[in-house]
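Protein chains in written order, with the working numbering: chain Y, 114 to 795; chain Z, 66 to 136.
Quick caveat, the hints were computed from the structure, so don't treat them as lab data. Please note that the accuracy of each hint is not assured.
To be verified - As a list, the in silico EDC-like pairs of lysine to aspartate or glutamate whose alpha-carbon atoms are at most 20 Å apart:
#1 Y:Lys-777 to Y:Asp-646
#2 Y:Lys-620 to Z:Asp-119
#3 Y:Lys-536 to Y:Glu-683
#4 Y:Lys-572 to Y:Glu-683
#5 Y:Lys-197 to Z:Asp-119
#6 Y:Lys-197 to Z:Glu-95
#7 Y:Lys-723 to Y:Asp-607
#8 Y:Lys-117 to Y:Glu-161
#9 Y:Lys-572 to Y:Asp-541
Remember, predicted model here, so these are calculated numbers, not experimental data.
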Amino acid sequence: MTIKSKMIWTAVAVLGAISLGIVALWRGESINAIWLVLAAICSYMLAERFYARFIATNVLQLDATRPTPAQRFNDGLDYCPTDKTVLFGHHFAAIAGAGPLVGPVLAAQMGYLPGTLWLIAGAVFAGAVQDFVVLWASIRRDGRSLGEMIRAELGAFAGTTAMIGVLIIMMILLAVLALVVVKALTHSPWATFTVAMTIPIAVLMGIYGRFLRPGRIGEMSVIGFVLLMLALVFGRHVAEDPSLAPLFDYSGEELSIMLMAYGFFASVLPVWALLAPRDYLSTFLKIGTILGLALGIFVVLPDLKMPAVTKFIDGSGPVFAGSLFPFLFITIACGAISGFHALISSGTTPKMLDNEIDARAIGYGAMLMEGFVAIMAMVAATTLEPGIYFALNSPAALIGTSPESAAAAISSWGFTITPDLLKQAATDVGEASILSRTGGAPTLAVGMAEILSSAIGGKALMAFWYHFAILFEALFILTTIDAGTRVSRFMIQDLIGTVVPSFRATKSWGANIIATAIAVSAWGYFLYQGVVDPLGGINTLWPLFGISNQMLACIALVLGTVILFKMKRERYAWVTLAPAVWLGICTLTAGWQKLFSDNPAIGFLAHAEKFARALETNQILAPAKSIADMHRVIVNDYVNATLTGLLGALVIIMACFGTAAILKALAEPNISARETAIVPAE
Amino acid sequence: MRNPFKISAASLARSLTRTARLMVGIPDYEAYVSHRRQAHPGEPIMSYSDFFRDRQASRYGTDGGKIGRCC
């Protein structure tokens, strides 16, 4: 290191330490967002420069002269050596989705501090490490997928177990994302109209890019974007027109049925017609909005009004039930660590890497970027008045359905707010009500609208920005639902195919429709259950999603640890072992509490028992409206409990496989990892 | 050493276009063409619109697709 770079890095470290100190210790009325942003940026820079470098040189021993799969199998299509920055963009666009925007918003109920610290430490020591190690393992194995690598290193049974885990995550993920959309669109004609318009706009783009001007992505995206903005502006007239508004005014139940029908039809349509064009729109809009939000935060430098730590760390919070440990670490999955990334790091990215040493910037660096996106979501949520935040995120069962009851309930928790302020907030964003719009997206939208409107347009444009933010989230969630339903359909066909081989034929209409129907009903079941849940659904589904996502991350880290042991690098195995153990503890504790907690708000079994006891005396508890509903609630509880038990069992099984493989590797005198031998490029 | 601040506007625009295209699963067509010319001389090369369709089908494709998508 030169003197100059030593001085620069010392300065970064000092600035980071000061910012972190201010974030952690400040107890004033409000704190400026800049301190959170600086604390995160400095920590991430230091981590990339020192920790990632240590992992690259000592632990993984990246070798710049070793030919990558892209060089060895170059076909200009799937495998092609790609410039580092270009590939970074591709990888980041693939990993950044709705997750890092929702988790921090929910976690904000405990204050900005716990979530921020986990986002910083989690990304640095767990999330980025996972992405980096999996990417490296895949490059060294001809770009194989996570499932194939687990099968090769841990055995066939472990591979199948992991794949079932992935399928479960997929279902819960799709349900929870669909729920986020439903919550944002419920009785909101403006938002529903704009989101509905994305379908004809995408089809138009698809026809343009297929037949009129084949492959002109730029042109079709610009056309799509302009039409989308027109729809957004026109949406306000729809909402204000008494004859048009009812056409786009739906309840949560109606919207969830529509989403299921949409998921079914969209995933059997040809890809060029709907999925691909909307993917272009949503990808570019996502990147643009993230850049815009970052710019907005730097220009406006808003104050955070949420306290550093609220009393809800004890688990009594209205947004999600459960105490800080383990539920904070489950709630913020993406942004700190996300098992889903292991699928992407072993997907297209390893097949395009030009040089092994680029894996550090792409694998580790892109995750830090996602951590930063999550920090911005935290900033957006905590710049809101806490009273507004809780009005948006608390279920109707706790705050009622009128501004008066909500203001009274929230004020009684210690976050003073008046009914007039709540009404004003709804008017500002052009909605009839902002109460109980759980799921994170609307909160983020209000936060973004506040930030962006103070940068451009002021109060006048606030409603526009709010609906823009809703549209942007709904757009990429719908793309995920469409793509996810397709992927699940193939996975289901593959799984059934192991018993009935003819089911594997992906061109067979019969098998297609059956597998699609299974996939849609699986996530649709959880979606509907979430929509009718009086606690808002997110309350139940998000922890399940968090547990399953962290479980996948845990599996990926176990794979990394096993590989390090097999390569006789056990002295460095703590790099992956420590986060794996931590995630194992978090998911198992959370799973245990979800199953066996005496508190019916947390434990599924306690909740089922409460309803069963009420049934004995023919009592009907909300949300049930009849005895049949009561039975359904109990069945749902048992389904959720079984699922939680299954996820816990998956973690334990994989931990056992991992331990066995490690012991075997220790007994083995030679390197036993199955890397592809070094082959010179053709 | 190359000065990173001296990248021309044209190459920056090109790089941004390539990034944006790869984000939605369309790799560099010129790289494909030059690879085909060098490694497989005389063999057919897909036209841009065929290349585009091929990559689109492969990303969302009939065989499972590889659209990597996170939560």
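If any of the earlier hints don't hold here, list their numbers in rising order.
The structure breaks hints 1, 3, 4, 5, 7; every other hint is satisfied.
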